[in-house]
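Join the two chains into one complex using the hints; note that each chain is given alone, in its own frame.
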Amino acid sequence: MSNSIVQTQLSNGLMLMLKEIHTAPIISHWLWYRVGSRDELPGRTGISHWVEHMQFKGTPQFPADVMDKAISREGGVWNAMTYLDWTTYYETLPAEKIDLALRLEADRMVNSQFDPDEVASERTVIISEREGNENEPFFRLGEQIQAAAFTVHPYHHEVIGDLADLKTLQRNDLYEHYHTYYAPNNAVLAVAGDFDTEKMIARLRELFEPILAGSAPPHPAKPEPAPAEEKRLVVEGPGETTYLQLAYHAPAANDPDFFAYTVLDSLLTGPTGLNMFGGGGISNKTSRLYRAVVEKELGISLNGGLQATIDPYLYDITVTVHPQRTPDEVIAAVDAEIQRLQDEMVSPDEVARAIKQARALFAYGSENITNQAFWMGYAEMFAHYDWFENYVERLAQITPTDVQRMARTCLQPHNRVVGTYLPGENGRENQ
Amino acid sequence: MKPTSQTTRSTMNTLPGPENVTRVQLENGITILARSNFNSPSVVLTGYLQNGGLFDSDELLGLAHFTSLALLRGTRRRNFQQVYDSLESIGASLGFGSGVHTTGFNAHSLSEDLPTLLDLLRELLQEPVFPPEQIERLRAQILTGLAIRAQDTGDMASLTFDKLIYPNHPYGRPEDGYPETIQAITRADIQAYHRKTYGPRGMVIVVVGAIEPQSAVEHVSRLLGDWQNPDQPDPPALPPIQPGEKSQVQKVVISGKSQSDLVMGFLGLTRKSPDYMPASLGNNILGQFGMYGRIGDVVREQSGLAYYAYTNLNAGLGPGTWEVTAGVNPANIQKTIDLVRQEIARFTRELVSPEELSDSQANFIGRLPLSLESNNGMASSLLNLERFDLGLDYYQRYPDLVRAVTPEAILETARRYLDPDRIAVAIAGPENGAIQ
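Protein chains in written order, with this note's numbering: chain A, 1 to 431; chain B, 1 to 436.
Just so you know, these hints were derived from the structure itself, not from any lab.
Treat the numbers as computed from the prediction; the structure is a model and nothing was measured.
Take the hints with a grain of salt, since some may be wrong.
Derived pair list, reagent style DSS-like, types lysine-lysine, alpha-carbon separation capped at 25 Å [to be verified]:
(1) A:K356 <-> A:K285
(2) A:K167 <-> B:K335
(3) B:K163 <-> B:K246
(4) A:K57 <-> A:K69
(5) B:K335 <-> A:K57
(6) B:K163 <-> B:K335
Calculated from the model, a selection of chain B residues having no Cβ within reach of chain A, i.e. all distances over 10 Å [to be verified]:
(7) Q25
(8) Q242
(9) D359
Here are some chain A residues pointing at chain B (derived, C-beta under 10 Å) [to be verified]:
(10) D65
(11) L361
(12) H414
Beta carbons: idealized from backbone N, C-alpha and C, even for Gly.
Just chain B, with the same shape it has in the complex (with noise of 0.2 Å):
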């Protein structure tokens, strides 16, 4: 079913475009986008910085995301209980974290306050004295978040599914480090680390709220537009990623626990594939549609296996996962194995029906109203269009690239990149888990 032509035009209305949107690029290469929403008195702040997990060594794993939750810790002009004064006292919120590629940071507050977001931004950035004392408070928070993770059935499957697809990769390593890695390193490694890699150049900042898009730009243009970081490097290639060769399977043991979490899947591909619209629309009938499409209604309408059971398609700026994710009973994981295989091999074997199409491409197209409705659903999907290169028109041009996939190109696709022979499955959970 196609929406009518009085919803087509009421959606068009709000989504995002060129006409809509405002794109400016500062000199010393910040990109600014921003668009206002009037609906509600506040506003957020949301973007990336060039510099990642990329940039770590095996030994000092985890050292991108230490710095950037440090930056946090204390500037030059104020304290870290002054720093969050500034932020709580005015009811606003700013985090940091860094993930392979980039250093994210979000941020909101009430318009009438995101002139002092952005001051303490730019503070944040330009300024942070990293405190020993901080330092060690806040390194002893990572090693217990390390801890919790290790005893966290669905982390620890999830990691353990990264390693198997991304052997001797950037990929296959948690951002967050190691126990080990994250108390070899020390101050000096973190302030060498924000002075070389954290700069302007590609940095990309999002403004959505209750603001003038001229005036946002002219308050980050003011605060930013002047910051230079000459040695500020371009970040490494990423090594290339070949799939597995063959099935494997990795159980991480962790007792006393009542629950097995098991990922499975296989090596996906980037989002600016031509490959990606029929991998998410085949993706959302495999695994998401409804209550998890074909692998939810098995595992947990037909079969009662689990409270979950679902699949997600990551692509990004390299090759992602295509992967399932169920939560089971220990006893059940063979049986929930084999389920998966089963329909990941009809999904391979067969062309979806029609309905089924048509039903995902509805979900896709309806659905755009109700993602782009809060400002952090507007802001994280600018900042998609800019990270993936996607043009400002993609929401406006997206119903018409959905409706193009056909079961054909979802079939080809599937075959490209499943292979139920070629599967990876990673598990955590108690001793009593019994597999093939």
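Next up, chain A with everything else stripped away, as it sits in the complex (with noise of 0.2 Å):
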């Protein structure tokens, strides 16, 4: 945290973020785009994500194959990823190839085909990439926790989108999402690595500066009321494991609450990472939740994360429930421990604890540039720079009576979704 950034804003709106970091001769660079699952209405379910993947098809200057071609022979790396408040674009290459990719980016921001045989034949993928994710317990429990905690705003559905949508969206429709969402005014471009400032400016500049301004994009989302009683459901599905999950409304990024949030997490779950490359994390053995639940044979793992997004959403606790006991005695077991937090205060030694965690988790994130590069525009799609410079520090302002608050005033039954995934045929109930 260091060394400063650099930020400025180019005449049609592109924000740009620099970073040098002389350690290794490598470049990453990435583009934000300010659009998401967030911004999805029934019926266009999964759109962002599947402009995402149409993304990699190619301009009239930069043919599918050739964009990929390019970037691997340069022993590159390139990707991208769509969620809920966003979509980003990366490529990390060798320092001196770095052109490349900022040619590529400022081409397809505006001049990509949507080739309609390309869009039937991503249709299929997409569903495939659907189908992987839903031989996964933990989406089929996910998808339907999310519908049952979100019924006014988007994060009701997966970013992946519903199989009923993915099915029936047109071509139009994903240009048209296209040209809404990808212009400069809504969009961040963060490089980090071995350059010059004031060159890579210039040169970002006769790339980007001449795109024209959008209108300004619509972010439809409406507010999701707050939840007046506890939910529960049941998924059942193939195996002889039993999973749980509560999900609990969970305060967004921006809101002063979520650092004191996130030392609840810490000390409950174990600690979440904000690293998206490497480094490692720390695991989880001694948080108070494992001991209450893995410790006592209630379950057989015990996980915890709290996300970072525009609005609020969800801090999920999965436990996968041991095969003699069942899913009301782990909740009844995590009642239990949030109860005590709610009732006595905890240490400053935990709450101390709580920081060494996060300082260590940031140094390990340090060690590539790529994650770095990553960390300036992704803290700037749910608040600023800032957010994360301070971040180490904000968390050390927090107290043991703020946790204690964060615990009596979030961790209530009325605020969660209880999800169980039981296993059906060929499952316990045979046995």
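Next up, the structure:
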């Protein structure tokens, strides 16, 4: 976090973020668009992710196989991700080859083809991607939990979209979505690595400034009303293992309470890192819920995760239930721990430990340039880069009282959805 | 295209070599490799010991793996919670796992905490007590892991494929065992296995991060330099393996799934084989380069049959596999198998084009700095140098080794290992996948 970044905006609204890092002859370039499943209305779910796939199908200047070959030839990596709030494209290349990525991203911001044959072929690829996800019990469970947790807000559906929409969306729907959201005024460009900032800005200006700004794209998400009561649901599926997921409505990343919640997460289920690439994580075997659930042999494993999002999303606690135990026994144990957190003040040592863990995770994430470039644009999607720069400092300001307040206000049964995956046929019911 | 002279210079400075990697052998047989990286205040500690699933009997398959996981369950000085408190309170992490030949460990921490981490590593290796209650808890966790594995189409296709390629061979057995073998393992088995096979001879420790190499070597020597196990056995010899005589297909039904996983391929080669580099470049052309090479192109891009379809060349101490993996809709299995077989046939019939080869050569050379950037990337590369006896200057010689491969060498190598008429095919997925 020591070396600062340079931030500027082009006349068409494109925000630039640059950070020189001269530890390896590498540059990582990221282009972020403010569009994700959060911007999708019923009937068009999965469209942002599908558009992301189509962005690899080429432009007149960079046909699909040419782009792919050109980057791979240089030993680079490139990929893209679509999430709830954003879609991002990145390339990490040997420093002197980065111009290729810059030209390519400037070009496909506006010139992608969306050839109807390619749309047809990608439809089955994405359906196959979804079918692969459906093989996983936690995907099936998570999809139902999101649907139950959000009745108004588009966080209702999975990023990959509903199968019905993947079967019916048409080329023009995709193209329109692309044109609406892929514009410089809806994007953030972040670049980190072995370059000279002034020269880099000049080159980015040359490539991106000629692109015209679009009209302000719509973000139709409506706030989710506060939940009135606990919801419970059951998903049945193959296997012999029972899974449990408790999803609590959680604060948005920009909410001052997000930091107290982060400490709460760390104490309850172990620290969640903000690294997308490498470095490694920290286990959670001394966390309160691991001790209460796994060490008591109610569960086989337990994890928790808090996401940084624009709108309030979910804090998930997931448990693989011990074959000799029931989900209700696990829920009772979790509730007892939460009650303890609400009744008894945590020790300052526990908070200090969460801070040390966050510091370590940052150090691991700083080992590679791709991850450092990722951080810049990522923070900008739901807050500002200073959110990120001040992250550890703001965690350090959290007091035991803050943690207790969060537990009392947010970790209430009415604020959650409890989902259980029960093995059906061929499962325990038959044993 | 060759890298410019400037790239070569700046890349060469960062590539590991005898001048910037410290390698020390202790008298008790431990080899230490250390390299500094002060870009971040963190450090990685990784390595292996000379024991693994090769020691397991069929009846107690999974004993090596079970034992490696059980090391963390308590020592003479610390119980399970205290072991993990030592790690998690400083934001560190440490894990063990056994493969067929070795038991590996991987750990990271802030560099200021490396002494703590090493001290714990020593204690876990030398003083585990395998508390009965913890062993039973761990057993239940492993058994649930195996129940989940039985439902995982990718895992089951892969496991079935290995059985086809390696009948009655240690490589054809899953290192984590089967439910009945895990049930059969006793705490006494674990204690005996640990007492017998854990020792310093052949152990390798790699330290990479914000620490001076000499200091890393001193820490390791002080903590592990006097470790002895006079009874430590040599690893059993690997039985010979012959490639299959004919094509085989085996299907595992996992009801209720949406997608089938497919693994198909051949017996491959060892990492030290002279065929390795041509096979590796050939593999890149066949099923990796860009978005999955030729196979990705026909299966995913042209036919829209799969989200993933790629090849892997697994080359280790013994002959590995050369395999294709794809996740497809059950209705498309046969179509996918046919397309893959056609691509393999073409690959064993025609020379790859000079453009394809130069693309993959450039990719292999160009990606080195990226793969060696993080402490983990560097540490696992150094570990490979040691495991396969490649020489400390291997990465500096690597560009020349890559450039020396010709289309003819790739074709010869492909013909030696790949034969579309003697392919093993394993499928795991729902009932309704029709295959001919």
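Here's how the hints hold up against the structure:
With a C-alpha separation of about 16 Å, the suggested pairing of K356 (chain A) with K285 (chain A) holds against the 25 Å cut-off. Note on K167 (chain A) and K335 (chain B): the hinted pairing holds, with a Cα-Cα distance of about 21 Å set against a maximum of 25 Å. The straight-line distance between the Cα atoms of K163 (chain B) and K246 (chain B) is roughly 15 Å, inside the 25 Å bound, and the hint therefore holds. Restraint check for K57 (chain A) and K69 (chain A): the C-alpha separation of about 13 Å stays at or below 25 Å, so the hint holds.
Of the supplied pair hints, the one linking K335 (chain B) and K57 (chain A) holds, its CA atoms being roughly 24 Å apart against a limit of 25 Å. Taken as a hint, the K163 (chain B) and K335 (chain B) pair is honoured in the structure, with Cα atoms around 24 Å apart against an allowance of 25 Å. For Q25 (chain B), the condition that its CB be more than 10 Å from all CB atoms of chain A holds, with the nearest at approximately 28 Å. At roughly 34 Å from the closest C-beta of chain A, the C-beta of Q242 (chain B) stays outside 10 Å, upholding its exclusion from the interface.
Distance to chain A contradicts D359 (chain B) as a non-interface residue, since its nearest Cβ pair spans about 5 Å, not more than 10 Å. With its C-beta approaching chain B no nearer than about 7 Å, D65 (chain A) sits inside the 10 Å limit, and its interface hint holds. The criterion of a C-beta within 10 Å of any C-beta in chain B is met by L361 (chain A), whose closest approach is roughly 7 Å, and the hint holds. With 10 Å as the threshold, the beta carbon of H414 (chain A) stays out of range of chain B, its nearest partner Cβ sitting at about 32 Å, so the hint is violated.
In this structure, the earlier hints numbered 9 and 12 are contradicted, and the remaining ones agree with it.
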